Structures are given as C-alpha cells and as structure tokens.
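Asks: Sequence:
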Amino acid sequence: DTWSDDENNMDPTPEILTSHVSSLLKQIGDHARHLNSTIESRDKAMEKMEWKFSNASHDLDVLATKNKTLKEGLKEMEALQSGYDELVEQYELVVEEKEALDE
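Note that my numbering numbers the sequence shown so that position 34 is 34, with each residue one more than the last.
The hints are simulated quantities; they were obtained by calculation from the structure and are not laboratory data. On a predicted model such as this, the values are computed, not experimentally measured, just so you know. Careful: at least some of the hints might be erroneous.
Said to hold, decoys possible - In silico lysine-lysine, DSBU-like type, Cα no more than 30 angstroms apart, as pairs: (1) LYS44 / LYS26; (2) LYS44 / LYS68; (3) LYS66 / LYS52; (4) LYS52 / LYS26; (5) LYS48 / LYS71.
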C-alpha cells in the first residue's frame, strides 16, 4: 500500500502511522509465510532428490558387482570353450588317424 494523497499532504497522525505500519507488518508477515512455504517445499524436494540419488547410487553399486561377476563368468566360459575346441580338434585328429589306419 502507498500513502493516499490526503495522507501525503498533511502531517500523519499517530493513528495513520499505526495503520500504515500495521499494513506493512501484515505484508511482511504474508511474504515471510510465502517464503517459508517455498523454502519448505524446496527442502522436501531436496530430501526426495537425495533419497533418489542414494537409491540410484546403491543400484549402480549392485549393477557394478553384477557386471564384475558376469565378466568373470564370461572369462570362465571362454576358457571352457577354448578347452572344448581343443578337445574337438584332438578328437577329429584321432578319427582321421583311425580312418587312415583302417584303410
């Protein structure tokens, strides 16, 4: 609120000053409540984001562990496949030698 023309043209009375101060205090209170509400909303949003971040971080740790386990398993499978391939080659050589002897 601003002072009316009548209030500006004369010396303010204590009642006018009291009314104006009261009005300003009410506006300050309204703004303070709005600011507090905004801060509370922001704080709740931050807490929610921190919780989500914490869960995401945990999920990433779990996935990293699973990835490591899968990589180790893949190495074992590759070693087994290599051993299997060697056995197949040896078997094929034995079969060829047997066929050559049978002829």
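Asks: Checking one constraint from the list: CA of LYS44 to CA of LYS68, max 30 angstroms. Satisfied?
Replies: Outside the cut-off at roughly 36 angstroms; violated.
Asks: For LYS44 and LYS26, compute the direct alpha-carbon distance and say whether it is at most 30 angstroms.
Replies: holds, 27 angstroms
Asks: Given the hinted pair LYS52 and LYS26, is their Cα-Cα distance within 30 angstroms?
Replies: Answer violated: LYS52 to LYS26 is near 39 angstroms, above 30 angstroms.
Asks: Between the alpha carbons of LYS48 and LYS71, is the straight-line distance 30 angstroms or under?
Replies: Distance of about 34 angstroms is beyond 30 angstroms: violated.
Asks: Take a quick look at whether LYS66 and LYS52 sit within 30 angstroms of each other, Cα to Cα.
Replies: holds, 21 angstroms
When each numbered hint is compared with the structure, violations occur for hints 2, 4 and 5.
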